Amino acid sequence: MTNKLEVRNLTHKFNDGNGVHVLDNLSLDVADGEFVTLLGPSGSGKSTIFNLIGGLYAPDAGDIYIDGARVNGTRGNISYLPQQDSLLPWRTIEDNVVLVQEITGDVDKETARRWLQRAGLEGYEKSYPNTLSGGMRQRVAFIRSLLSPQELMLLDEPFGALDELTRLDMQDWLLKIWEMDRRSVLFITHSIEEALYMSDRILVLSDKPARIAREIEVPFERPRDHDIILDEEFTRLKRDIYHMLRTSDVED
Amino acid sequence: MRRISSWSVIPPLLAILAILVIWQLAATLFDIRTWILPSPVQIIQEGMEIYPRIWSHSLSTIQIALGGFAIGVTVGLVLAILLHLMPRAKQSIYPLMILSQNVPIIALAPLLVLWFGFGTLPKILIITLVCFFPVAVSLIDGFRQTNPTLLNYMQMIGASRRQVFFKLEWPSALPYFFSGLKISATYSVMGAVIAEWLGAQEGLGVFMTVASSAFRTDQVFVAIFVIMAISLILFGFIMLLEKWLVPWDTDRKGANRDDE
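Quick mapping for you: the protein sequence lines, in order, are chains S and C. Counting from 1 along the first sequence, just add 1 to a position and that's the residue number in this note's numbering. Counting from 1 along the second sequence, just add 496 to a position and that's the residue number in this note's numbering.
Isolated chain S (complex conformation):
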């Protein structure tokens, strides 16, 4: 199996005077078409990992490979979905969705409209984002990242700002859309259930400095149904991860 993303021995400190150690010798892989989740307490440096992979800045040490090419500190290699409200308020839904294509140079409005249709957003093409609900806006943002030519998707707590019911709804929706066009996904969340329900593999992060504390293969088959959260295996894994996060807290 080929790896879409390889992160090797990543170490990074922020130079804010006291030099907090954010990442410590962190390594991870995402295979082609794999859905991998980074699970950890808030402030554990998850977003820093994303910023490094996105190339906002270069790591102090370690290497990042996408499709086998070293991409330390270079931008434009990923498709990205932030936590909330990343749509440009002055653009209509349709124009927002093609934003990434404008950046990379190939605008294809036809495909954009087709995806909006598939995503259940038909009829909103000419609306402005502020007329949509938070959940709908995240759907639009997800479609936008699907339309970007980069095949590795980084999803940074995309449902973090939504209420619980919308959240469950969105998880199903995202999985359904993702199944249509399996891309490699690196997903950040701090919800254990969400991680178990969505991913193929879960990487549990320790608190600062962030290291991969445990790796868990999620055994459930796809396409998934929300009933698996009542499954015994699901509950067992959930309990395991919960204890893991608790003990890593105590250590620090």
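Source of the hints: derived by calculation from the structure; they are not laboratory data. Only a predicted model underlies this, so the values are computations on that prediction, with no experimental measurement involved. One or more of the hints may lead you astray.
What the hints assert, rightly or not - Subject to a maximum C-alpha distance of 25 Å in a straight line, what follows is the list of computed DSS-like cross-link-like pairs (lysine-lysine):
| hint | chain 1 | residue 1 | chain 2 | residue 2 |
| --- | --- | --- | --- | --- |
| 1 | S | Lys127 | C | Lys678 |
| 2 | C | Lys663 | S | Lys110 |
| 3 | S | Lys209 | S | Lys239 |
| 4 | S | Lys239 | S | Lys177 |
| 5 | S | Lys110 | S | Lys177 |
| 6 | S | Lys127 | C | Lys663 |
| 7 | C | Lys663 | C | Lys678 |
| 8 | C | Lys586 | C | Lys663 |
| 9 | C | Lys739 | C | Lys678 |
The hints should help you fit chain C onto chain S, whose structure is shown.
Leaving out everything else, chain C in the frame of chain S:
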């Protein structure tokens, strides 16, 4: 929509009407002399009488006001963009910009006349000086207020500096630009009148000077009303332009609900 906008126009119109009625009643009741305070009716009568003369003076004022406004806005726009793209230069030039507004126009204007004569140039310079500032300051503010989440997003997807500017910073600063534009528009008419006081053959400023030295208070008021009308029209025009170019922000109710 039409209903709502007509409702928002009626209250201020009523207020103005009330003031005019009180003014008219006070002027007749207390028998105030015309050279101290003419009544609205007298002002309107005088206005209709000297209409052709006022019109040609107005044209000349409008001309230099618009000219100065256009140049001032351009200077403000260019300056704001340059300072935004060069943060180092901003540190040294921004204070100078503020100082330029502390120079009293009344003191500066005679100097400009001394240097550049009685022609159009010193007048345009004065208007430019008062007009560039609101545009530059509000635009710089607008650039600074660019949503950091969106900026982070643009960088993550690999947007170049140029793309960040044109696709994010410029449109997000556009409402601020229009705020500055509205202030500059009213300043431009004021600036034109002040510039004309200093020496001009034509213009509302000249007309006012002559009228007030002849104790024609009614004519002074005619000029004041005309100046107010010109400012209002210019302001209204910019508001229309804003509605057209910033459709996502003019519906503030919808936008604010989301921010809070």
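Cross-check of the supplied hints:
no.	hint	result
1	S:Lys127 with C:Lys678	violated, 29 Å
2	C:Lys663 with S:Lys110	holds, 18 Å
3	S:Lys209 with S:Lys239	holds, 22 Å
4	S:Lys239 with S:Lys177	holds, 23 Å
5	S:Lys110 with S:Lys177	holds, 22 Å
6	S:Lys127 with C:Lys663	holds, 18 Å
7	C:Lys663 with C:Lys678	holds, 24 Å
8	C:Lys586 with C:Lys663	holds, 22 Å
9	C:Lys739 with C:Lys678	holds, 13 Å
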